[in-house]
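Chemist: In the order they appear, the protein sequences are chains A and B.
Our numbering numbers the first residue of the first sequence as 1 and each following residue consecutively.
Our numbering numbers the first residue of the second sequence as 1001 and each following residue consecutively.
Any given hint might turn out to be false.
[What the hints assert, rightly or not] Computed spacing ranges between beta-carbons, pair by pair: (1) B:Arg1144 x A:Ala89: 55 to 61 Å; (2) B:Gln1148 x A:Gln128: 48 to 54 Å; (3) A:Ala137 x B:Gly1059: 52 to 58 Å; (4) B:Ser1031 x A:Ala17: 52 to 58 Å; (5) A:Ala16 x B:Ser1031: 55 to 61 Å; (6) A:Gln128 x B:Val1287: 50 to 56 Å; (7) B:Ser1031 x A:Ser104: 56 to 62 Å; (8) B:Ser1002 x A:Thr110: 57 to 63 Å; (9) A:Ala89 x B:Ser1154: 41 to 47 Å; (10) B:Phe1284 x A:Gln128: 44 to 50 Å; (11) A:Gly52 x B:Asp1017: 42 to 48 Å; (12) A:His154 x B:Asp1017: 55 to 61 Å; (13) A:Asp14 x B:Phe1284: 55 to 61 Å; (14) B:Thr1239 x A:Gly52: 36 to 42 Å.
Read the hints as simulated data drawn from the structure, not as lab findings.
Each residue gets a CB set at the ideal place from its N, CA and C atoms; glycine is no exception.
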Amino acid sequence: MAEPLVETRGLTVDYAARRSLWGPANASTRVLRGVDIRIDAGEIVGIVGESGSGKSTLGRALLGLVPATEGQVLFAGHPLDAQPDGALALRRHMQMIFQDPMSSLNPRHTIRTILTRPILLHGIALDQAAAAASAAAVLERVGLPLTVLARYPHELSGGQRQRIGIARAVMLRPRFVLADEIVSGQDVSTQARVLVLLKELCAEIGMALAFISHDLSVIRALCHRVYVLNGGVVVEEGSCESVFAAPQHAYTRALIDAIPLPVVGTSWLAA
Amino acid sequence: MSALLSIENLSAVSRRDGKPILRDVSLQVESGTIHGLVGESGAGKSTISKIVLGIVSGGVVVTAGRVMLDGKDLVQIPERDKRILIGSQLALIPQDPLTALNPGRHIGDQLTDSLRMWKGFNRKAAWARALELLDHVAIRDPARVMDQFPHHLSGGMRQRVLIAAAFAIEPKLLIADEPTTALDATVQKQVLQLLKRLQAEHGTSVVFVTHDLGVVAQICDDVTLLFQGKVMEQGTAATIFNAPRHAYTRALLAASPRYDNPAAGLNPIDDAVIAACYAQIQQFDGVQHG
Chain A
1 MAEPLVETRG LTVDYAARRS LWGPANASTR VLRGVDIRID AGEIVGIVGE
51 SGSGKSTLGR ALLGLVPATE GQVLFAGHPL DAQPDGALAL RRHMQMIFQD
101 PMSSLNPRHT IRTILTRPIL LHGIALDQAA AAASAAAVLE RVGLPLTVLA
151 RYPHELSGGQ RQRIGIARAV MLRPRFVLAD EIVSGQDVST QARVLVLLKE
201 LCAEIGMALA FISHDLSVIR ALCHRVYVLN GGVVVEEGSC ESVFAAPQHA
251 YTRALIDAIP LPVVGTSWLA A
Chain B
1001 MSALLSIENL SAVSRRDGKP ILRDVSLQVE SGTIHGLVGE SGAGKSTISK
1051 IVLGIVSGGV VVTAGRVMLD GKDLVQIPER DKRILIGSQL ALIPQDPLTA
1101 LNPGRHIGDQ LTDSLRMWKG FNRKAAWARA LELLDHVAIR DPARVMDQFP
1151 HHLSGGMRQR VLIAAAFAIE PKLLIADEPT TALDATVQKQ VLQLLKRLQA
1201 EHGTSVVFVT HDLGVVAQIC DDVTLLFQGK VMEQGTAATI FNAPRHAYTR
1251 ALLAASPRYD NPAAGLNPID DAVIAACYAQ IQQFDGVQHG
């Protein structure tokens, strides 16, 4: 088997005790407990769970943004905690699309700066002109007019900002992108567009995608494989096809049963 | 069956720029049924429910139409009568239970308010009734919850408290504005089951505002689908889902991801369908002004 692109081995993450002002120190909270996952190059993997399942912490750990208490995260075979902070060469290939583009895009920068700065920083574009040309190409790819280049994030609609967030992440043609709840709260029509765009971009760039969501229907539409997280533990893993056809774990079944289908005349509410 | 709530030719515009927000909306909520008010952002579904509740913001001006509740026009009646009518017969289950509850008051005090105000209970009787209500919405250890503050409760528990509060006054009409959007899927299902059970027991009529077509199919009897303040399609849930007539309805259904069908959710709504919807609206606006 080929080497996985992203891999966790026995990943355990604790959030440190927070000392309360008056009371005694709280015990630290264990958020992930011995998680083993692997994401291969070009693969779209769903990570699903409810609030408090640890899915967002797992996502952050995959990018090395949260230190492992025990276990390891490896990117293309390199342990992340062994990398110096400035491991730019690896960083280039690990990008993130955020849930809320308004709070993740610098409000003082124009879209041009937001899109071109990373490729200039990483030396992918050698000068402003080359960077601007790349930004224009990516903008066109995500379906935005070139006029947005001169604009600031607050001047765009929510859907446009979401596209900028995606464009920013793929500017570097990364090998791995993490998307955390990026379509939750969106209208159905916007959501479908974003899903199609992500799927196409993954195929074009050959990037792997970890897609964190609480919505199993969205995961089914987009992902090849899925990890089901509950209480910081992976309770089920498999291809979407097999997990949805025959869920093995009671929690997965409960999650699937909790989805209301747009079909009338079922006994869903009674069950 | 008779309509408990009848919205007739309701139109509203924005005070700031005069742009239409609601365009000649008519709908009937039959007694004892759940009517789904469905649409994407900007459809006007929340504006309609706010007009019915009399809490619409100053930025919205109702320009035409009637909102008949049990034969009385909520838009026209004097403010004082309106407050009594709405307070005693309407209840709201809001989207965000945390902001709807007062963070500085005990659950028990918040639950007993409406019982004392509208049902004439004294303090002791209201407290006893509130305990019953909490028990009824399947909250364990109601006596303890009565003495707690909202932040002590989980999102699902808070929503149960608000459902208990809504049913406390035995309203004729309940407005549920995206009541489960903020909840986890498994909790959402429990809350919907609870809502359906209480609705059936009390024979309450419900306006259920949501963007989730799955929830609509499972809980609503009738559906009004809106786009930019205009009714696109209206009918029983069975017709809307089994034989949708409007292209917009069909496109929305095709764009909804569903776990039983991997291809669903990857069909963005065709620009032509949206353009046709806007054309329909422009034609309507043209007739209004011309």
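Chemist: Hint by hint, say whether it matches the structure.
Modeler: Status of the hints after comparison with the structure:
A beta carbon spacing of about 56 Å between B:Arg1144 and A:Ala89 agrees with the range 55 to 61 Å that was offered as a hint. Roughly 59 Å separates the CB atoms of B:Gln1148 and A:Gln128, a value that falls outside the hinted 48 to 54 Å. A hinted range of 52 to 58 Å for the beta carbons of A:Ala137 and B:Gly1059 is inconsistent with their spacing of about 41 Å. A hinted range of 52 to 58 Å holds for the C-beta pair B:Ser1031 and A:Ala17, which are about 56 Å apart.
A hinted range of 55 to 61 Å for the beta carbons of A:Ala16 and B:Ser1031 is consistent with their spacing of about 57 Å. Taken as a hint, the range 50 to 56 Å holds for the pair A:Gln128 and B:Val1287, whose Cβ atoms sit roughly 52 Å apart. As the Cβ distance of B:Ser1031 to A:Ser104 is approximately 48 Å, the hint placing it in 56 to 62 Å is violated. The supplied range of 57 to 63 Å is met by B:Ser1002 and A:Thr110, whose beta-carbon atoms lie about 59 Å from each other.
For A:Ala89 and B:Ser1154, the hinted distance range of 41 to 47 Å is satisfied, since their beta carbons lie about 44 Å from each other. Taken as a hint, the range 44 to 50 Å holds for the pair B:Phe1284 and A:Gln128, whose Cβ atoms sit roughly 49 Å apart. With their beta carbons about 43 Å apart, A:Gly52 and B:Asp1017 fall inside the hinted range of 42 to 48 Å. Taken as a hint, the range 55 to 61 Å is violated for the pair A:His154 and B:Asp1017, whose Cβ atoms sit roughly 20 Å apart.
Range check, A:Asp14 to B:Phe1284: Cβ separation about 59 Å, and the 55 to 61 Å hint holds. Under the hint 36 to 42 Å, the C-beta atoms of B:Thr1239 and A:Gly52, about 40 Å apart, fit the expected range.
Violated hints, listed in ascending order, are 2, 3, 7 and 12; each of the other numbered hints is respected by the structure.
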